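**Q** What follows is each chain in one-letter form.
Number of protein chains: 2
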Amino acid sequence: MNIWDGGRRRVYMQEVGTRDGFQSEGIFVETRDKIALIDMLSKTGMAKIEVTAFVSPQAIPALRDAEIVLREIERNPGVIYTALVPNVRGAERAIDAHADELNLVMSASESHNLSNLRMTRDQSFNALKQVAAIARDAGLPVNISLSCAFGCPMEGDVSASTVLEWAERFVEEIGSRGVTLCDTTGMAYPRQVAELTSQCVERWPQTELTLHFHNTRGMGLANVLAAIDAGANRFDASLGGIGGCPYAPGASGNVCSEEIVHALELMGYDTGVDLDALIAAARCLPPLIGHDTPSQIVKAGRRLDLHPLPADFAAVRERTMQGKLKPKPHYGMNIG
Amino acid sequence: MNIWDGGRRRVYMQEVGTRDGFQSEGIFVETRDKIALIDMLSKTGMAKIEVTAFVSPQAIPALRDAEIVLREIERNPGVIYTALVPNVRGAERAIDAHADELNLVMSASESHNLSNLRMTRDQSFNALKQVAAIARDAGLPVNISLSCAFGCPMEGDVSASTVLEWAERFVEEIGSRGVTLCDTTGMAYPRQVAELTSQCVERWPQTELTLHFHNTRGMGLANVLAAIDAGANRFDASLGGIGGCPYAPGASGNVCSEEIVHALELMGYDTGVDLDALIAAARCLPPLIGHDTPSQIVKAGRRLDLHPLPADFAAVRERTMQGKLKPKPHYGMNIG
Numbered sequence: 001m002n003i004w005d006g007g008r009r010r011v012y013m014q015e016v017g018t019r020d021g022f023q024s025e026g027i028f029v030e031t032r033d034k035i036a037l038i039d040m041l042s043k044t045g046m047a048k049i050e051v052t053a054f055v056s057p058q059a060i061p062a063l064r065d066a067e068i069v070l071r072e073i074e075r076n077p078g079v080i081y082t083a084l085v086p087n088v089r090g091a092e093r094a095i096d097a098h099a100d101e102l103n104l105v106m107s108a109s110e111s112h113n114l115s116n117l118r119m120t121r122d123q124s125f126n127a128l129k130q131v132a133a134i135a136r137d138a139g140l141p142v143n144i145s146l147s148c149a150f151g152c153p154m155e156g157d158v159s160a161s162t163v164l165e166w167a168e169r170f171v172e173e174i175g176s177r178g179v180t181l182c183d184t185t186g187m188a189y190p191r192q193v194a195e196l197t198s199q200c201v202e203r204w205p206q207t208e209l210t211l212h213f214h215n216t217r218g219m220g221l222a223n224v225l226a227a228i229d230a231g232a233n234r235f236d237a238s239l240g241g242i243g244g245c246p247y248a249p250g251a252s253g254n255v256c257s258e259e260i261v262h263a264l265e266l267m268g269y270d271t272g273v274d275l276d277a278l279i280a281a282a283r284c285l286p287p288l289i290g291h292d293t294p295s296q297i298v299k300a301g302r303r304l305d306l307h308p309l310p311a312d313f314a315a316v317r318e319r320t321m322q323g324k325l326k327p328k329p330h331y332g333m334n335i336g
Numbered sequence: 001m002n003i004w005d006g007g008r009r010r011v012y013m014q015e016v017g018t019r020d021g022f023q024s025e026g027i028f029v030e031t032r033d034k035i036a037l038i039d040m041l042s043k044t045g046m047a048k049i050e051v052t053a054f055v056s057p058q059a060i061p062a063l064r065d066a067e068i069v070l071r072e073i074e075r076n077p078g079v080i081y082t083a084l085v086p087n088v089r090g091a092e093r094a095i096d097a098h099a100d101e102l103n104l105v106m107s108a109s110e111s112h113n114l115s116n117l118r119m120t121r122d123q124s125f126n127a128l129k130q131v132a133a134i135a136r137d138a139g140l141p142v143n144i145s146l147s148c149a150f151g152c153p154m155e156g157d158v159s160a161s162t163v164l165e166w167a168e169r170f171v172e173e174i175g176s177r178g179v180t181l182c183d184t185t186g187m188a189y190p191r192q193v194a195e196l197t198s199q200c201v202e203r204w205p206q207t208e209l210t211l212h213f214h215n216t217r218g219m220g221l222a223n224v225l226a227a228i229d230a231g232a233n234r235f236d237a238s239l240g241g242i243g244g245c246p247y248a249p250g251a252s253g254n255v256c257s258e259e260i261v262h263a264l265e266l267m268g269y270d271t272g273v274d275l276d277a278l279i280a281a282a283r284c285l286p287p288l289i290g291h292d293t294p295s296q297i298v299k300a301g302r303r304l305d306l307h308p309l310p311a312d313f314a315a316v317r318e319r320t321m322q323g324k325l326k327p328k329p330h331y332g333m334n335i336g
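Taken in order, these protein sequences are the chains called A and B.
For the first sequence, the positions run 1 to 336 when full-length UniProt numbering is used.
For the second sequence, the positions run 1 to 336 when full-length UniProt numbering is used.
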């Protein structure tokens, strides 16, 4: 058994498209459409769905309907419905709307945290400690998403020891149930992923470790495989691969849920996901967001979605075998 | 040492953009532009360049200038200049134009070969045997590219034994120097790649084995890594990731040269390629072909191409640390 052969190993998929994807769309997806889409996703076998974010409606108008969406979706008891919360106010709103988990967020990079959140990392940590206390009082688990865990677009490399130090504070001081290492701008590469993942798995075997990759530089699936090889079994991904990167206009966003599931299932991993249902959900996205998605699976279909033989195939074969047809290397299809 | 850590292992890159890419472009790239581009590529460290194809100018007008291009490029003695030839006529033209190698082509799938070339596989083999004899007389090595080695868009799976049988005939009956396993329509997946590659490496350790992947379903880099893990060290790739798939309009084409080199070099492999020079060449493509390429590296830059801090960063940090600035989780950049 090697990494290329899943041998039915279980991998848990977590959908983030309605949060990480929709937050960066230019248009507001109607509340009823969001709810209908999440209801579809709830039936696909996703282990967790990041439904929305409880942030300022002025800051991210695309998610201004967070309460209604989280309240009105149909809950599947097999799915954890999580929501991103940046602060105490967000936590209160998410708890009111019956989130199953609060996903806290700060950056492993000081420059990114300061630029993005206008807090030092220490200030963020202290604020999130309060948020975690509120969650604890409400009986809810928290997860910490560490942005820029594989590099910062301004600072460059972020050392593994820095990432581990912040993860440790959340796991050991706050008792976070889970830690997500976020490759916010697509800087992770497989060797680095394997190293950092091994260290996390070794130090906190009881902590739910999630890897959150963006495919910005085409390394998404390879990073997922490197993480699995190092012991991870839980991945964020976004339907249609939506969710961009402000540093790379036109580049891909989050790793695409249906591409990752398609590849892992072919390799023999057990994602628990119904790929047909997932692709059906992905096909609903373009009318909602007003453009095509980067999903290669939506464009190309699954590996064994076959194409019909040419209409004249039988005649061509017959005449070819009788030597009556001149070879015609027209390469109308593809020669490489 | 594992697959994620290259440990300076040598991997040979072979550029196919001016053949597999340009053949599927709607417009004719000017001859002088082709020559200038290949001259740039010759200085990047590519081990081999598939310059063009000697096919009927009526069939593929995009490559109707094959002779002039192959004759007029500046040869770098460290690079093998190969050309695709489908038949005796093509071989004669390629030899006249001083190709270093002839790249023969047929499909491992009977349906694909019949539909595309209007020959049975046996007929193709016999015709290519003649081509190989001409190459031998001219003192030139041949390579055989087996299309659909990982699946046929009409038949579905193509068994490993079928692929090995055809490879064997070329290696053992014809004495082909190299065999290229082509994933013509992006059906290869890593487990399959690892298995088929191991078998080829084991049976023909002296044969130059190339893997030619398309990224149609997002598995390109993962397939490259699976092949390396199984003993391969030679890959076709296309500048900018150009080269489409007629079965998947809008989907990616060949794996992208600069994405593969970028990832492998980060992981510690030695591709021998100057990534800066390669990216510079990739940036020349859009004006030649009239559209952007799928290259994520051209869009996003290399992993450590950093971005400046915001103009007000120093002031924000100062005031934040003095507690004078209200936290502002506006997430203008990215929170995931």
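Just so you know, these hints were derived from the structure itself, not from any lab.
None of the values given here were measured: they were computed from a predicted structure.
A portion of the hints provided could be inaccurate.
For chains that are exact copies, the list does not tell them apart, and a pair is met inside one copy or across any two.
What the hints assert, rightly or not - Calculated lysine to aspartate or glutamate pairs in the DMTMM-like style (CA-CA distance at most 25 Å, straight line):
#1 Lys326 - Glu110
#2 Lys299 - Glu318
#3 Lys299 - Glu72
#4 Lys299 - Glu155
#5 Lys43 - Asp229
**Q** Work down the list of hints and note, for each, if the structure agrees.
**A** Do the hints match the structure? See the list:
no. : hint            : in the structure
1   : Lys326 - Glu110 : between (69 Å within a copy, 17 Å between copies)
2   : Lys299 - Glu318 : neither (34 Å within a copy, 49 Å between copies)
3   : Lys299 - Glu72  : neither (32 Å within a copy, 39 Å between copies)
4   : Lys299 - Glu155 : between (36 Å within a copy, 20 Å between copies)
5   : Lys43 - Asp229  : neither (28 Å within a copy, 37 Å between copies)
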